[in-house]
Amino acid sequence: MMDWMPQGLWFEVCLKVFFAFMMVGAVMTMAGYSVLAERKVSAWMQGRVGPNRTVLPFVEYIPIFGPLLKKLGMFQPLADGLKFLFKEEIVPGHVNKFYYYLAPLIALVPALTTMTVLPFGQMYWNDGTVSTLALADLEVGILFVFAVSSLGVYGIALAGWSSNSKYSFLGGIRSSAQMISYELAMGLSLLPVFLWVCAPGSSESGLSLSAIANSQSGGAWLFLVQPLSALIFLIALFAETNRLPFDMPESETDLVGGFHTEYGSFKFGIFFVAEYAHIVIGSAIFTVIFLGGWHFLPFMEDPWPANWIGSLLGVGWFLAKTIFLIFFFIWIRWTLPRFRYDQVMHLGWSKLLPLALVNLIVYLLIVTVIDQNAAANL
Amino acid sequence: MNAVDLLFWLFAILSVGGGLAMIFSRHPVSAAMFMIVSLVGVAALFVLLESFFLAILQVLVYAGAVMVLFLFIIMLLDVGPEAGKRKLGHFKMGIFGVLATVLLVGTLLTLGNSFDSLALDQSIWPELSEPKDGPSQSLPFSTQVSSFGYGLMTKYMLPIQISGFMLLAAMVGVIILSKKTPGREDVN
Amino acid sequence: MPPPTFELIMAKTVVLERKPLSFSERTYLPQIATGLKTTFSNMFKPKVTLQYPEEKPVIPNNYRGVPTLVKDPNGREKCVSCQLCEFVCPPKAIRITPGSVPEDQDDREHVEKAPQEFEINMLRCIYCGYCQEVCPEEAIFLQDEYSSSGFTREEMINNKEKLYELGGTLPDRHYKWDKKKEAETDGNTH
Ligand code: SF4
Ligand code: SF4
Chain A
1 MMDWMPQGLW FEVCLKVFFA FMMVGAVMTM AGYSVLAERK VSAWMQGRVG PNRTVLPFVE
61 YIPIFGPLLK KLGMFQPLAD GLKFLFKEEI VPGHVNKFYY YLAPLIALVP ALTTMTVLPF
121 GQMYWNDGTV STLALADLEV GILFVFAVSS LGVYGIALAG WSSNSKYSFL GGIRSSAQMI
181 SYELAMGLSL LPVFLWVCAP GSSESGLSLS AIANSQSGGA WLFLVQPLSA LIFLIALFAE
241 TNRLPFDMPE SETDLVGGFH TEYGSFKFGI FFVAEYAHIV IGSAIFTVIF LGGWHFLPFM
301 EDPWPANWIG SLLGVGWFLA KTIFLIFFFI WIRWTLPRFR YDQVMHLGWS KLLPLALVNL
361 IVYLLIVTVI DQNAAANL
Chain B
379 MNAVDLLFWL FAILSVGGGL AMIFSRHPVS AAMFMIVSLV GVAALFVLLE SFFLAILQVL
439 VYAGAVMVLF LFIIMLLDVG PEAGKRKLGH FKMGIFGVLA TVLLVGTLLT LGNSFDSLAL
499 DQSIWPELSE PKDGPSQSLP FSTQVSSFGY GLMTKYMLPI QISGFMLLAA MVGVIILSKK
559 TPGREDVN
Chain C
567 MPPPTFELIM AKTVVLERKP LSFSERTYLP QIATGLKTTF SNMFKPKVTL QYPEEKPVIP
627 NNYRGVPTLV KDPNGREKCV SCQLCEFVCP PKAIRITPGS VPEDQDDREH VEKAPQEFEI
687 NMLRCIYCGY CQEVCPEEAI FLQDEYSSSG FTREEMINNK EKLYELGGTL PDRHYKWDKK
747 KEAETDGNTH
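Chains as they are written, first to last, in this note's numbering: chain A, 1 to 378; chain B, 379 to 566; chain C, 567 to 756.
Hints are computed from structural coordinates only; laboratory data are not their basis. Model, not experiment: these values are computed from the prediction. Be aware that a few hints might be false.
As the list claims (entries may be wrong) - Listed below are the simulated DSBU-like cross-link pairs for lysine-lysine, each with C-alpha atoms no more than 30 Å apart in a straight line:
id : chain 1 : residue 1 : chain 2 : residue 2
1  : A       : Lys-70    : C       : Lys-578
2  : A       : Lys-70    : C       : Lys-742
3  : A       : Lys-83    : C       : Lys-622
4  : A       : Lys-71    : C       : Lys-613
5  : A       : Lys-351   : B       : Lys-558
6  : C       : Lys-622   : A       : Lys-70
Said to hold, decoys possible - Stretch by stretch, here's where chain C covers chain A in the computed footprint (C-beta under 8 Å, at least three residues):
id : stretch
7  : 43-50
8  : 331-343
C-beta atoms are modelled at their ideal positions from N, C-alpha and C, and glycine is treated no differently.
Isolated chain A (complex conformation) (with noise of 0.2 Å):
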């Protein structure tokens, strides 16, 4: 068991760190311009410019490409960073100090794990073996993801106790109970999926992310195969993020902040930082389940020679996919009003889980006409 941890230890954990690291950097780069990405396709939408003053002083001096980049906001996010970082700290005197300053880290702390079993793309080596890029492939990386994105609940569960507001504890609740209720809808969508993949007769059992990713190459996307799982996946996938339409725990509307009412400053910050990381996750599993992860269009084999070239041009493609994800995010942010709380409830209840309940059944019985037709052939 676990033979390799003896020799050469240090550097395999050395190495792993490393490439956590370089997954987290990555990662929040992303969800630091999904923020940027956010203020600038709403003033698009909405006939303005959005942030376009932000920029280091040497950058600014360099002809076309310097204005261009201030144009774009691109040092925006650096502002906003630092902005929350020297803001002054409040803490209210009626809060429980020690869940207050817990819920950020645990909001942020699930959406973080759960790219470790997120495979982004395929390692062509010299001797013709491929492998998966990822932190760790799991067989079981669904429900790995599955199983810490529902941590993350606690983390705004809690800011919304702790904070001892009516606001804010409305929006702990409201958001633990959409969180109950979605997740059951999300989990029986994937299920005809994995029925699908894992089908008699194909190669592959269990309920591998790559497996998955892999399965897609060069047929058909599963969300061509499977149009109403990929549908009900991704309203849960919204509501699981708690994006717009289904923003119940801070609708400002009725809730002043939600359940961040009572945070200020870097702790704002970091639940700030948090949606958003969950976001850039939620787009990269949509991707690799249902449009393809690192592959080319479907029905279409890679055309990318396999290399290290190759290697790269999956990774550039499954990144393109995942940032088209989080700008349909935004889209869609902007363009539909927020929920009522019950038709929240409804929507998951009475609509999306019989649905979901229907589409595994039918999916069953598709696969098991399929399969007896492959035995009497035999």
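With chain A fixed as given, assemble chains B and C with the ligands onto it according to the hints.
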């Protein structure tokens, strides 16, 4: 002592300590949080046994869903540190104490007896029906998800059906209990 | 004649039959797609915002900005220090110290008074325009200046000098005092 042992002790202490802290903490919310710590500790122990599936189910079901509901209820009812201080009478306490001791001793004895004869492929449960075609030996013991699925759908078909039926009954019961029938007046 | 009854006054309300929603409408998905299309096409429309410090908005003529004191086209002070504006100003933003017109200004000898000091506290002013409305001499105007800022409270009190600097000269339709002077020289006082 190698790294795995070190990790084992770490997580063992975490789970047992979390359990104890849960029992002794005054505040319900703290107790719930300690229970989560304990559950996650146990999940980590499963990981050390390379049983990722069990570990993840532990976190997903207990820490992720059941405890959220607990916390939810605790917060909704706003139970303070003073709640649950209702004293049991000495007599009742005695009965519960004796029962608990009997249970503990019984478990220890059974475990102690069965440890000698217990090999991995033998279960202390009575054998249920073996599948007629394709005996379970064709799939060697492993921690893979597919072997779990195979076992549940063949060897342990009856237990899984029974527990499923029990859960269904519980669900129907909850619906009946919580549903407001128009004719019946609420007791409260 | 009896007073008209309620029904007669109000137009009759017609309750329209609502068509039941079709299945696709009940899923809301086509509607969401339409909404997405709208927002997406909006992204490429020209922007309506101004880049403020660099681009300034066009101020319409009847804009009510900072109250200022104006001079007549001959460059003479119009305010006669009647203090009506001080009296009418709802938040009491105006403070006037009256004084007399210097003897050497012979073209203004019919005017008896002029403000020695005239202060408008822009931290109090609510831009109501009453001062402009009440002024019998048309000496005070709310003009197109809209951004007044300062680092201290003292800076935000506009004194007489500042008020004239902001106000400048406005065309005058009446030349009231000139007419009075003419009348007097023609021996026709009042
Ligand atoms: S505009 Fe109104 S508030 Fe301002 S000085 Fe004139 S009367 Fe006073
Ligand atoms: S500005 Fe007009 S109202 Fe005010 S004191 Fe002068 S003349 Fe009178």
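Verification of the hints:
no.: 1; hint: A:Lys-70 x C:Lys-578; in the structure: 59 Å, violated
no.: 2; hint: A:Lys-70 x C:Lys-742; in the structure: 57 Å, violated
no.: 3; hint: A:Lys-83 x C:Lys-622; in the structure: 29 Å, holds
no.: 4; hint: A:Lys-71 x C:Lys-613; in the structure: 14 Å, holds
no.: 5; hint: A:Lys-351 x B:Lys-558; in the structure: 22 Å, holds
no.: 6; hint: C:Lys-622 x A:Lys-70; in the structure: 21 Å, holds
no.: 7; hint: 43-50; in the structure: holds (count 6)
no.: 8; hint: 331-343; in the structure: holds (count 5)
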